Each structure stands twice: as structure tokens, then as C-alpha cells.
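Residue numbers (this note's numbering), protein chains in the order written: chain E, 1 to 167; chain F, 1001 to 1105.
Be aware that a few hints might be false.
[What the hints assert, rightly or not] Only some residues are given here: those of chain E computed to face chain F with a beta carbon under 10 Å:
1) Ala36
2) Val43
3) Phe44
4) Leu65
5) Gly94
6) Ala117
[As the list claims (entries may be wrong)] Distance windows between CB atoms, simulated:
7) F:Thr1003 <-> E:Val27: 32 to 40 Å
8) E:Pro119 <-> F:Val1073: 23 to 31 Å
9) E:Val8 <-> F:Ala1091: 43 to 51 Å
10) E:Met58 <-> F:Arg1090: 26 to 34 Å
11) E:Ile116 <-> F:Leu1103: 31 to 39 Å
12) F:Ile1070 <-> E:Leu87: 30 to 38 Å
13) E:Ala103 <-> F:Arg1090: 15 to 23 Å
14) F:Met1001 <-> E:Val85: 37 to 45 Å
15) E:Val149 <-> F:Arg1090: 24 to 32 Å
16) F:Leu1088 <-> E:Met58: 27 to 35 Å
Treat the hints as calculated values from the structure; they're not laboratory data. All figures in this text were calculated on a predicted structure; none of them were measured in a lab. Positions of the beta carbon are idealized from the N, C-alpha and C atoms, including for glycine.
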Amino acid sequence: MQLALFWVFAILMLMSGLGVVFFRNPVSSAMSLVMAFVALAAVFVTLDAFFIAVVQVMVYAGAVLVLFLFIIMLLDLRAEARRPVNLLAWAGGGLVVSGFLAALVKVVVSDPAFQIAKPALSNPQINDVAMIGLALFHNFNLPFQIIGVLLLAATVGVVVLSKKELK
Amino acid sequence: MTTLANYLLVSGLLFSIGMAGVLLRRSILIIFMGLELMLNAANLSLVAFSRFHPVNGLPNYNAQVLVFFIITVAAAEVAVGLAIIVALYRAKRTTHVEDLDTLKF
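Please model the entire structure based on the sequences and the hints provided.
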């Protein structure tokens, strides 16, 4: 049952990813991206990472995607007009992607360190949030504070970049 | 029964789909979406390793803390990147990558 669920959500996620890349209309791409994010959260749940799955939905599907849709609306983007396709550029891009994929598949299939099954956990009902909180605030407190400063810098930067020129 | 290889293959496929989006599409916003797909593929890889190499019967939470940080940094990056795109649109009135050629050799 869990095996079937993993493959259902993984295939859904990959199909949505292809939808993001190949739709002409930017709103359709954004909707495919939502589906990819939510399917990825479901795959996280099959990995017993419940807190990360919820954070994924909240931050990515809830904030990042709304930002994308606001920008699409603000810039009033239409469907991409068909320009003459640069065949050489497409061939080069396709070559890079397929080369990377071939190398990855070769490594993942051949290395026996990756053919392991899921180890059993000591307690099937893990208190995910408490454990991540402990790890975050005991071992990674300084990076956590620095992330706060980074978010402040990002916010100030966005406000400065969005200002119109004062005449 | 899913092995670690299954999760890594799915993560790699998602990464290459994102990379194809960045390399082949010509609208800035779609390139940005491909970038987000690549970041998510890396997150999936990290969480898979965290689950498959548990420490004392619990998943390795250092990897999940790193995923938390990556999600946070990605959100900040999207905000700043979209602000830059809006400023670019105000200056050039286009979102097509091929129209941005003032620095072209």
C-alpha cells in the first residue's frame, strides 16, 4: 500500500514538473507547480518527515506560489508568443539534460550502497516536530539566528527594489 | 518495497526536469519555476538520506534541519528575484530572455 502510494505521488510530481516546463500559458505552469509541490509533500510523508511535509505546503504552495501568481497578474503575462526556435540551443540544452540524467542513473543503479531498504524506526509514531526543534535549537542555533538576519535583508531588499524613482 | 535508489532516481528526474525548464524556456518566470523545481529535488534527496540512515532508531534530523534552512532561503530568494523581475519589466517592458541583450558580447 505504501509502495503504491509512493509511486502514485512520485509519478504525479514528475508529470506536474513536465507540465511546468512545457505549458505555454504561465498560469497553467503555476498550477502545475502547485501540484508538484503538494505531491512532493506527500512523498515526504511516505518518508516519515511530517514536519517537513507541512512546512513544504505552507511555505512553497502557500507563499512562494502566491507570489508567483501575483507577479503573473502584475506583469499581465500572456501565453508566450511563438518565436522561431533556435534548434542549436534546444539541441545543446537537451544534450546537457540527458547527459546529466544518464550519469545519475548509472551511479544510482550500480552502487550497492543505494539498494538498501527502509530501516525500521524505534517508534512508528515519532514526535517529528519536537525532535527537529531540539536539533534546530541545540545544534543549529547560530545558523537559525543568521537565517533571521537573512530574511530581514531580503525584506529590506525587496522594498528597496520595488520603489519607483522619486522625481 | 522502495529502496533509496528509487527516491534518488525520482529526485534526479525532478532535477533534470527543472534544469530542462531553465535551459529551454525563454520566459524569465518559467525559468524561475524550473529553479524552484531543482531546489525541491535537492530537498527530496536530503530527506530520503535522512530516513534511510537513521541514528538511534530515529531519522537523522540534521538533514531535515538543512531542508528547513533550504526552504527558508529559497523563499527569500524567490522574493528578491521576483522584485528584480518587476524592476526589469518596468525598465524594458519585456519578460523574454532574448530581449535582454545589453550586456551581450
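Hint-by-hint comparison with the structure:
no. : hint                               : in the structure
1   : Ala36                              : holds, 7 Å
2   : Val43                              : holds, 7 Å
3   : Phe44                              : holds, 6 Å
4   : Leu65                              : holds, 9 Å
5   : Gly94                              : holds, 8 Å
6   : Ala117                             : holds, 6 Å
7   : F:Thr1003 <-> E:Val27: 32 to 40 Å  : holds, 38 Å
8   : E:Pro119 <-> F:Val1073: 23 to 31 Å : holds, 30 Å
9   : E:Val8 <-> F:Ala1091: 43 to 51 Å   : holds, 45 Å
10  : E:Met58 <-> F:Arg1090: 26 to 34 Å  : holds, 31 Å
11  : E:Ile116 <-> F:Leu1103: 31 to 39 Å : violated, 48 Å
12  : F:Ile1070 <-> E:Leu87: 30 to 38 Å  : holds, 36 Å
13  : E:Ala103 <-> F:Arg1090: 15 to 23 Å : violated, 41 Å
14  : F:Met1001 <-> E:Val85: 37 to 45 Å  : holds, 44 Å
15  : E:Val149 <-> F:Arg1090: 24 to 32 Å : holds, 29 Å
16  : F:Leu1088 <-> E:Met58: 27 to 35 Å  : holds, 29 Å
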